[in-house]
Amino acid sequence: MDIGRFRDILFEKAEKAGFEEYEMYAGINRSFSVNIFRGEIEKYRKSSSGGVSFRGIKNGRTGYFYTEDISEEAADMAIRQALENAAVMSSEEREEIYAGSKSYPEIKTYDSGLEGFSDEEKIKLAKKLEKEAYAYSDKIELVTGSTVASGEGEVFICNSKGLDLNYRSGIVMAIVSVLASDGGNKKTGGEIKGSLYPSELDPHKIAEKACKEAVEQLGASSMKGYKGKVIFKNEAFTDLIQTFSSSFYAELAQKGLSLLKDKEGSIIASEAVTIVDEPLIENGYASVPFDSEGVASYNKTVVEKGVLKTLLYNLKSARKAGRSSTGNGFKASYKGSVSTSSTNFYLRKGEVSFEELVEMLGNGVVITELGGLHAGANAVTGDFSLLCHGFVVENGKITRPVEQIICAGNFFSLLKDIKTVASDLEFSISGTGSPSVLADNISVSGE
Amino acid sequence: MTDKKIITEILEIPLEAGADFSEVFIEHRNNVSVSLLNGRTQSAASGIDSGLGLRIINGDMVIYSYTNDLSEKSLIRLAKETAQAVSFNEKSHIKPFVNRDIENRHKALILPFGISKTAVYDKLKSGCNAALGYDKSITEVTAGFASYEQDVFIYNSEGLETRDKRVRTRLTVNAAADGGGEKQTGYFGPGAMKGFEFAEDFDFDSLCRRAAESAVKMLRAGYAPGGRFPVVIDGGFGGVLFHEACGHGLEAVAVAKDTSVFAGKLGKMIASPKVTAIDDGTIPFSWGSLNIDDEGEKTSRNVLIEKGVLKNYMTDRFYGKKLGLKSTGACRRQSYMLAPVPRMTNTYIAGGSDSRDDIISSVDFGIYCKNMGGGSVSPATGEFNFAVNEAYIIRNGRIAEPVRGASLIGRGDEIIKNIEMVSPGESLACGMCGASSGSIPVCVGQPMIKVSEMTVGGKA
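Residue numbers (this note's numbering), protein chains in the order written: chain P, 1 to 447; chain L, 1 to 460.
No wet-lab data here; the hints were simulated from the structure.
C-beta atoms are modelled at their ideal positions from N, C-alpha and C, and glycine is treated no differently.
Hints are not guaranteed to be accurate.
[To be verified] Listed next, the in silico BS3-like pairs over lysine-lysine satisfying Cα-Cα at most 27 Å (straight line): (1) 95(L) / 4(L); (2) 349(P) / 209(P); (3) 209(P) / 95(L); (4) 123(L) / 58(P); (5) 209(P) / 263(P); (6) 320(P) / 102(P); (7) 80(L) / 43(P); (8) 122(P) / 95(L); (9) 193(P) / 107(L); (10) 161(P) / 43(P); (11) 257(L) / 127(P); (12) 321(L) / 127(P).
[Unchecked claim] Now the in silico label distances, taken between C-beta atoms and shown as ranges: (13) 324(L) / 106(P): 37 to 45 Å; (14) 424(L) / 59(P): 53 to 61 Å; (15) 425(L) / 323(P): 50 to 58 Å; (16) 129(L) / 354(P): 32 to 40 Å; (17) 73(L) / 304(P): 32 to 40 Å; (18) 80(L) / 202(P): 47 to 55 Å; (19) 357(L) / 39(P): 56 to 64 Å; (20) 447(P) / 74(L): 27 to 35 Å; (21) 354(P) / 133(L): 47 to 55 Å; (22) 202(P) / 395(L): 52 to 60 Å; (23) 374(P) / 133(L): 25 to 33 Å.
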């Protein structure tokens with residue numbers, strides 16, 4: 001059965017079951033990935049998949065159901081389960097079926113060049129990536145993975161208020177991970193890059209980044225602990241922002257699960273800090289023309305020179321706050337319900353270079369990698385205590401690699417303790433980004 | 001159900017192209033979940049997963065594809081497109097199917113789509129109230145319920161035809177205590193290879209109060225000291241240390257790729273003689289159990305380490321063969337969307353002979369980790385990092401004041417050598433484990449253990 005036919009059956013049954021408003025969200029994805037190990041294809045993946053999510057509102061309560069089985073029986077089960085689910089929902093969690101925004105932005109999320117990039121070319125690129133990594137240094141003992149992956153998808157939103165939207169997206173990614181060794185010591189490094197345009201993936205640069213990361217850490221040892229200034233390298237601070245980004249979701253603030261509750265208009269960070277959420281960036285990892293509720297996307301400043309300008313809203317949290325949605329109502333896939341998500345969410349870059357930032361630090365540590373973020377960081381409290389790698393800085397110069405240190409602090413205090421932001425802005429594949437930052441009052445414990 | 005004739009055809013296509021082995025994994029899964037915040041429903045969701053995964057082994061290469069369009073046309077196209085990646089080895093044909101159905105050791109009574117949502121709601125609401133009533137500093141309690149019924153059908157080119165039904169149910173509670181702009185949380189998430197009957201019989205209110213107690217204790221605690229100390233880790237979820245620090249390194253993928261610190265160490269002393277560790281996928285009704293693994297092999301009780309000596313890895317057919325070992329029935333995947341690899345099931349350190357009292361009284365100054373949080377490890381280096389959800393100082397052989405914000409760091413291969421004491425009677429706890437074949441249910445476990453020295457990250 002095709003999705004259009006399924007929608008007609010589903011909507012007819014929804015009407016009969018007494019749903020006042022309803023919606024079908026569908027996602028279709030095609031993906032490919034190839035992994036090279038020691039010059040040979042180790043893994044090869046191909047898929048075409050999709051599914052449908054139904055939500056309906058009855059007596060002010062919202063009920064959900066999803067299915068990958070597109071059949072009449074599944075449509076019956078969808079209506080029955082959605083009714084049962086709605087019955088135990090709180091009416092305060094009522095969701096809105098959206099009639100549509102006035103206009104939708106033109107934003108490129110798909111390029112037809114992706115179609116012309118054949119599987120053979122992807123295999124070649126993955127092999128080249130592995131070769132480049134081995135060529136970097138004889139200290140590269142093993143390229144543990146060299147992968148090229150591509151994906152394209154299409155999202156449809158269709159509802160009882162007449163909204164009928166869709167958009168296509170695509171990306172190609174190159175991923176490499178390496179193990180470096182100097183005989184005794186072993187260190188890992190990795191890099192992921194993605195783009196709408198295959199030609200933008202430079203295997204030499206990607207391999208170099210991963211290898212440099214691993215080789216530079218060889219011979220690392222711990223250091224004496226201290227409390228004071230540290231530098232978080234761009235990638236490390238991106239991971240930290242990513243971990244705590246949910247604090248900026250109005251939905252969580254309203255539930256009391258964010259310390260930024262009631263802080264709009266207040267100073268929450270130092271003047272050096274400006275954070276934006278920009279879904280309309282050209283070739284951005286998280287660029288999107290509308291969210292999963294059909295609300296048009298727009299660029300917004302979340303923190304401006306330390307002042308929290310806005311949290312991120314979906315339709316439900318916006319209604320609770322008596323304002324309009326910021327277009328951040330997303331679901332992870334057709335399987336999920338609508339919650340909140342940032343898009344291209346990043347700390348704006350400053351003026352100084354990374355080298356100047358190191359000079360400003362004088363003595364201390366540059367943290368390049370944070371481990372165990374899912375366990376050692378608490379998104380609600382802001383507390384983190386994380387195993388780190390990095391470099392020791394003495395008299396304004398990087399002197400040696402450091403490992404087995406733990407940096408501990410609180411994200412919300414840290415925002416206020418950011419002294420300087422560098423100009424080396426980088427994005428992770430999730431769309432979150434940051435330059436390197438110099439921060440104070442961090443506890444570093446080591447030997 | 002997909003026609004056996006079509007299955008035969010899509011298994012045959014890759015073999016025609018010269019592959020060594022082909023396998024079809026068909027999954028149909030019904031899911032329900034409900035979550036309440038402070039007694040009000042935040043989400044009530046349900047759905048159907050349905051799809052087919054085709055795995056082809058061609059020399060050292062694993063080719064995998066999947067779809068949830070199960071029409072004949074779509075499946076034949078999938079097989080043909082996927083077979084293009086096969087490099088010609090030797091043409092062979094599939095063997096006729098021999099049905100190998102197994103006895104279900106974990107029969108569930110109440111299946112997901114038969115569960116009364118109101119009964120779930122009542123159970124969770126009662127738990128929320130119990131936690132909120134524990135102390136006035138408890139401000140947010142999230143109570144969750146999830147249950148699924150997964151039917152899998154496995155066919156391969158060697159004539160295997162088998163199926164399994166896995167029904168799992170889990171309850172979770174997260175209680176947050178709030179005081180002076182700070183929050184601390186307490187969490188538990190028990191589950192079983194059972195239907196809704198698991199939740200019906202479970203004393204959820206007590207568990208919710210226990211989560212609240214932990215949050216309140218941590219809220220009032222000072223920060224943990226940093227440095228190197230003896231560390232005592234309690235049973236149950238404390239086993240996450242072994243899971244992360246050693247378990248992942250004993251999975252045959254890392255061993256076969258020589259990216260594990262335990263590669264090439266079979267028969268060697270890798271741990272303290274106090275350590276015996278087991279991966280057992282057969283435990284009746286346990287969260288991490290299966291009747292058969294995701295390539296159709298029976299699960300087993302696999303002794304990994306016996307009195308400090310490495311006895312075996314966790315293997316499947318493909319990676320086992322690379323290592324010259326038999327499958328231990330540990331081949332797992334989250335769903336039809338992922339190629340399976342050897343993974344853990346219920347993995348634990350077995351009970352020893354040191355009494356709990358002797359363990360605590362042997363420590364002059366150290367940390368007692370009553371309830372561990374999650375952690376992560378780099379299998380190549382064995383470096384790990386764990387959060388401790390509920391920790392106490394041990395002073396002069398006695399458990400003293402609670403401390404918060406502690407984390408444990410070290411290297412897996414070193415830490416298991418430093419396990420100095422092990423108490424009798426291990427217990428298991430549930431978790432979800434993520435790796436290349438996705439997020440799967442596992443149990444971790446151990447009795448109380450003492451590690452002679454470990455780096456503790458703290459703030460004080």
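Index of numbered hints that the structure contradicts, given in increasing order
3, 5, 8, 9, 10, 13, 16, 17, 18, 20
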